[in-house]
Structures are given as structure tokens and as C-alpha cells.
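**Student:** Turn these sequences into a full structure, and let the hints steer you where they fit.
The sequence shown begins at 1206 in our numbering and counts up by one.
If you are wondering where the hints come from, they were derived from the structure by calculation, not from laboratory data.
This one's a predicted model, so the numbers in the text were calculated from it and none came from an experiment.
Keep in mind that a hint or two might mislead.
[Stated by the list, open to error] Have a look at the derived ranges for each label pair, beta carbon to beta carbon:
#1 L1693 x P1435: 32 to 42 Å
#2 G1674 x L1295: 28 to 38 Å
#3 N1567 x V1417: 26 to 36 Å
#4 G1444 x R1625: 46 to 56 Å
#5 G1387 x F1454: 55 to 65 Å
#6 G1371 x P1678: 43 to 53 Å
#7 G1444 x L1295: 16 to 26 Å
#8 E1709 x L1398: 43 to 53 Å
#9 K1251 x T1370: 42 to 52 Å
#10 M1584 x P1238: 52 to 62 Å
#11 L1398 x L1336: 15 to 25 Å
#12 T1233 x Y1428: 57 to 67 Å
Yeah, the Cβ is synthetic: ideal placement off N, Cα and C, and Gly gets one too.
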Amino acid sequence: MSHSPPAPESTSQVVHPDGRVSMPEGTTLPDGPFVNDDLQPVPMSKRTWGTGSFTALWVSMSVSIPAWTLASGLIAAGMDWRQAMVTIVLGNLIVLLPMVLTGHAGAKYGIPFPVFARSSFGLRGANLPALLRGAVACGWFGIQTWVGGQGVYVLAGRLFGDSWTGAAAIGGYAWTLWLSFGLFWLVQVAIILWGMEGVRRLQVWAAPLMAVGGVALLVWMAYEAGGFGPMLSTEDGLGWGPSFWVLFFPSLMGVIGYWATLTLNISDFTRFASSQRSQVLGQSLGLPTTMTLFSLIAVMVTAGTSVVYGEALWNPIDVVNQMGSGIGLLFAIFVVLLATVSTNIAANLVGPAYDLANLKPNWFSFRVGAITTSFLGVMIFPWKLMEDENVYIFSWLGTVGSLLGAVAGILLADYWLLRRTRVNLPALYTRDSEYWYSRGWNWRALVAFGVGALLAVGGADLGSGPLIGFLAPLADYGWVVALLTALLLHWGLGRFVPDRRQHEADLTAAGRPTEPAA
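**Tutor:** Here's what the structure looks like:
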């Protein structure tokens, strides 16, 4: 049998004493069909993110309007505040594990998600999970932009009065709301063109202000409700009987689905980690704690609106619109807009920018990919997703979370079970390498993805009944079903029907020559 040619000496990988791998310092791969500046492995000198950096990253992404609506939407769906918090805490602890495990590859090899996916899907096949993840991010960008546009609409309504809020409707909404949506979209595009350094500085201020704003909103709602006792009354809740469990499992999948995109592309951030410990500890400190505290504020405020207004207002824009104080309203809207801009750009433009760069490295730079995402976000029709908490949590988060769960299962099986975290770094960028498989596609990953996705979403009810009736019992556990099915199937196919070229590379992986670390 013929072996794949070894990587040129100038592009051989360096294994460092702490186990991390890089190209020789100062080395860059030549641009080509699978390489551009944004996809290059991060050199060791630029891997500077410590524990604090990852904790701050999660604070900035968790303290956001969609995180609020996720938690408050559970109250609107019928849960009491205790049940909502149990669902949120459990969901975030579950999703933290794959987050840390997939983040390992980024920290070890300095590669973004689309390049990481090449080892399991193939150099061309990686475009499938990358574009799927990118499409979900476009949806999230649109949702957050719509929320921001609502904030502009409310603020302008207080300034201009009935002539603004009572404007003629187009497509079911006042034309002034569409204008507000467009203005908010333009602000984000302008920030993108300004540069990411300004965005990073904005994040430093946005998360603390959003936390302060959330606490202030909680205090105000407690005053309006006559204290925390009436706010947190559970007399009209579902109880802990069968009605709760019917709602619990799809809600849990929705909570998991909220971060399903980040379980895949967290390596876009961990590639800058100064050590494995920094990404593991930073994520463990930042994700579950921040989401728990911020969600607690959200569910308590929403529970309070049920008492004060007779219905659960799950959108924070609707809540702050009830304020009579002009100063209080201005502060609340400012915080909403600031947090939305910073979170939206950080969480929903970084991933798709890399994903599009992976599709056509010669066409898409990071900035061009981000601008493209901003246009696609409008085409998702985010106003439809936000009309009903059932559509938002179950149809949107649950369904897309299930699809991405299948991808996560394949990544985990390939990286941890089949390769034992050993990857040939230069080969990830090289045609006809061990990751070329069959014309750039690994059919094993495609089969695992297809079966996992079918079992997970085949029984989902998207409005007209389940697509495949006998799969309906699995729909409430979509993400778990997809992840475990794809993980086991990809591992089985890779173990018992291995690719010849990949099998040969695996046999020699432990003895692959490397340059000594400096």
C-alpha cells in the first residue's frame, strides 16, 4: 500500500511540552483553496487568552436579550419560577460538557471550527456542518437585530408620541417599527466596518451595564407587584405532575439548543487559549453561573408581570415599555441596545465569518463573511420567530439544536474516540491528505449525521403534525438523540469500516516525526 506523502519540512507541526501543537513560529501556509489568513493555525505567540478572558466572554454572551427571552419564555409557556430555573440550570450544565470537549481541539491546535470539522467530515465535507452552523447564526443575528429594532421603536415612540407608534401598518407591523429595525441593522453593519477592536471594547461595558439594568428592572417590578412574595407565588403553576414533565423535556432541549451553535464553534475562541486549563476553567466559571443568575432575574421579572399586568410579558422590550419614568425608560432602552449590539456581533458574526471563509477562502475574508451574515439575518424573517414563545423555544431552538447535536456527536466521536485527540495539523489544509477521504467527503460522517438528524427531528411537530409519526416520542429529546446516535454510528463506522488512508495515518500517528519545540 502506498502512504500519503509526508508534509514538507517547512510546514511540519511542532508539539510543545504542554501537549499543544502549532506550526513552527513565523510559518504561514500558502493561500489556496483551503487556506486564507483567517483559517491559519494561531501561532503560540498569539495564544494569549487566560481564564479571565473566557469567563468574560461568557459573561458578555450570556447577559443578553435572547438569554432573557429564553428564560422568561418558560414562564410564559406555563412554568413557575422554580421549574424554569431547574430547567435552565440543568440544560446549561449538560451543554457545558461538549462545550469544553470540543473546545479542546481549538486550544490544542489553534484552529477554528470549520478546519476542526475537516478531520471528521473531510476537507470539502466540512462545509456541510460549517454552513449549517452559519445558517443558525444568521437566524440568531436576525432575532437579536429585531429585538434591538423594537428597542429603538419604543424609545422613539416616547420621543415622538402617537405619530410614531400609531403609524400605518405594513406586513402586520407599523412602518416605523420596520424603520427602527433597519436603523439598528445599519448601526451594527457600521460597527463591523469600523473593526472588531471597537466591538471588544464595547463588550467590556455592555455586560456589566446589562447586569445592572436587569437588577434595576427586578427591583422596579418587585415594587410594582407589592413585594417578592406576590411575584414568586406558584399557586397558578403547573405543579410537578404530568403536565410539567410534558413541558419540561422539550423546554430542556430548547435550553440546550440555545448554546448548540457554540458547542460546535467554540474552537473559534479557544484557539487563542494560553492553555487547556484556561479554556476549561474559564468556560466552567463563566457559562453556568452567569446564565443561572441572569435567568433568575428574567424569570422573576416575568413572573412579576403576570401579577401586575395579568399576563406574562416575556419580551423585555414589552416590560420596559410599561415604565412611566422617562429617565428609567431611557436607561433601560440604552442598556438593551448596548447589550444587543455587543452580544450579537460577538456571538453571531464570528462563527459564520469563519464558515464562509472555509467555503471559499479566496472569496470571503472575515469581514466580508460578517457583512454577508448581516444580510442573511434579515432573510430569516426573525419577526416570525419572535411572535410566539412556542415557535421560539420549541420549533426554532429545539429543531436546530437537534441538527447541531448530530454534528457535535460526530466531532466528539472522531476527535476523542477514534483519534484520541491526535490530529495531523498540516494535513487539515492539504488536498489528497489523510483527511481527503473520497473526493474531500467522508461518507461515514454524512451517514451518521443523516441518521442522527432523522431520528431527532423526524417526529417533530412543526405545526401540521409530526413528519414521521412513529418517531414522535423521540422529538422531545432531539438534541440528546441526535448527539448519541451520530456519536455511536460515526464511531462504529470509523472503527469497523475505516478509510484506508486514514487507517494508515492512524497506525503511524504516534510516531509521526515532529520538530522539537523551542
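**Student:** Each hint should be assessed against the structure and marked as holding or not.
**Tutor:** Now the hints, each set against the structure:
no.: 1; hint: L1693 x P1435: 32 to 42 Å; verdict: 49 Å, violated
no.: 2; hint: G1674 x L1295: 28 to 38 Å; verdict: 29 Å, holds
no.: 3; hint: N1567 x V1417: 26 to 36 Å; verdict: 45 Å, violated
no.: 4; hint: G1444 x R1625: 46 to 56 Å; verdict: 47 Å, holds
no.: 5; hint: G1387 x F1454: 55 to 65 Å; verdict: 39 Å, violated
no.: 6; hint: G1371 x P1678: 43 to 53 Å; verdict: 48 Å, holds
no.: 7; hint: G1444 x L1295: 16 to 26 Å; verdict: 19 Å, holds
no.: 8; hint: E1709 x L1398: 43 to 53 Å; verdict: 47 Å, holds
no.: 9; hint: K1251 x T1370: 42 to 52 Å; verdict: 49 Å, holds
no.: 10; hint: M1584 x P1238: 52 to 62 Å; verdict: 28 Å, violated
no.: 11; hint: L1398 x L1336: 15 to 25 Å; verdict: 24 Å, holds
no.: 12; hint: T1233 x Y1428: 57 to 67 Å; verdict: 59 Å, holds
The structure fails to meet hints 1, 3, 5 and 10 from the earlier list, while all remaining hints are met.
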